[in-house]
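> Order-wise, the sequence lines are chains A and B. This note's numbering numbers the first residue of the first sequence as 1 and each following residue consecutively. This note's numbering numbers the first residue of the second sequence as 1 and each following residue consecutively.
Hints listed in this document are in silico derivations from the structure and should not be mistaken for laboratory results. One should not assume that every hint holds.
Claimed, not checked - Example chain A residues on the side facing chain B (calculated, C-beta under 8 Å, incomplete): (1) F14; (2) N36; (3) L57.
Said to hold, decoys possible - Pairs of lysine to aspartate or glutamate, EDC-like flavour, derived with a Cα cap of 20 Å: (4) A/K105 to A/E43; (5) A/K105 to B/D101; (6) A/K28 to A/E117; (7) A/K28 to A/E43; (8) B/K163 to A/E117.
The beta-carbon is built from N, C-alpha and C at its ideal position, and this holds for glycine as well.
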Amino acid sequence: MKRFIVAFIAAYIFIFFWGWLLNGVLLKDVYAQTQNLWRPQSETMSLFHWIIIGQALLVLAFVMIYASGFAGGGVAAGIRLGIMLEIAAIGMRLVLYAVQPFPGKLIVYGSVSGLIEMIIVGAIVGAIYKPASRTTT
Amino acid sequence: MSRPSLSIPLLRPRRAANADASDWQHLKFKIDSWQLFCDERSRAFGSWQKPQQKEIMNWKKFFIAFIAAWIFVFVFGFVWYGNLMHSIHNEVPTLWRTEADFGSHFRWLILGHGVMAFFLTLLYARFVTSRGAGAGAKLGIMVAFLYIGDNLITFAVQPLTTKILGGWIVGGLLEFAIAGAIVGAIYKPSSHTTT
Chain A
1 MKRFIVAFIA
11 AYIFIFFWGW
21 LLNGVLLKDV
31 YAQTQNLWRP
41 QSETMSLFHW
51 IIIGQALLVL
61 AFVMIYASGF
71 AGGGVAAGIR
81 LGIMLEIAAI
91 GMRLVLYAVQ
101 PFPGKLIVYG
111 SVSGLIEMII
121 VGAIVGAIYK
131 PASRTTT
Chain B
1 MSRPSLSIPL
11 LRPRRAANAD
21 ASDWQHLKFK
31 IDSWQLFCDE
41 RSRAFGSWQK
51 PQQKEIMNWK
61 KFFIAFIAAW
71 IFVFVFGFVW
81 YGNLMHSIHN
91 EVPTLWRTEA
101 DFGSHFRWLI
111 LGHGVMAFFL
121 TLLYARFVTS
131 RGAGAGAKLG
141 IMVAFLYIGD
151 NLITFAVQPL
161 TTKILGGWIV
171 GGLLEFAIAG
181 AIVGAIYKPS
191 SHTTT
């Protein structure tokens, strides 16, 4: 359980800063081209707690899936899970692309960065979380 | 966090060769879920022990489960998001493509659902040991939580209403729990072999 919590916190810290770097800095101009799809900055800031909760839930789900089926495989298994879940998320992104007027390049950037993000999250979780080697009498 | 062992009886004799037999009399090892990775592919990655038991992918069942899940998520999406939530979505019309524009992007909708269904099926087939609809539903719910996390972030950055957010959360849970259950009910590994 201790490693579960440590893995969760480490992955969460990474995802938080990655999200800030990617969406707040690197893709800022791309988002600016589709302003009608986004809340104004001040409104987003007032709802910032949802970003924190959402990221926490995402990381929690990741660590739970890892712990229940991948644990023990180490970094490689974490990366593998990250890739699989991100490709599934790309599927969801394609569905959203079909219904929302996102520019194609935003989907591409989001998918590539999402893949990098989940690979690193997987590596972090895989490196930290180890299944408990329990002995019972 | 750990699952029932696949291979406790097989692991014991091997350890016993290197250990005093009396060590084993009061110990029961609960093997953690890394044993699930005892397949050809996972061996290439890791240094964990050689498999004692492995499941062979049943590609026919996999394909059927995948197609069934794909059809389900597509139909569910049409009914839940497209019909039941139609008026709720229309509260923020600027967020959505026009009918004509949506029609020209329809292939992405089909492909996206297919990708989701494929990887849900793959996750289940490769990494879930306890079989059946219940286990599939459990996996589906865990995957749904990933998407719910994403929905919450989207809510903070896009002008969605709380009704839309609520609808997406409930829809996502139902969609993936049922899709997982379908996969779990259909997919069965073809055989167990001991190496």
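> Now tell me if each hint is right for this structure.
The hints, checked one at a time:
1. F14: Because about 15 Å separates A/F14 from the closest Cβ in chain B, which is outside the 8 Å limit, the hint is violated.
2. N36: Holds - the Cβ of A/N36 comes within 8 Å of chain B, reaching about 5 Å at its closest.
3. L57: holds, 4 Å
4. A/K105 to A/E43: Violated, at roughly 25 Å.
5. A/K105 to B/D101: Holds: A/K105 and B/D101 sit about 17 Å apart, inside 20 Å.
6. A/K28 to A/E117: Holds. A/K28 to A/E117 sits at ~18 Å (cutoff 20 Å).
7. A/K28 to A/E43: Status holds; Cα separation ~16 Å.
8. B/K163 to A/E117: violated, 30 Å
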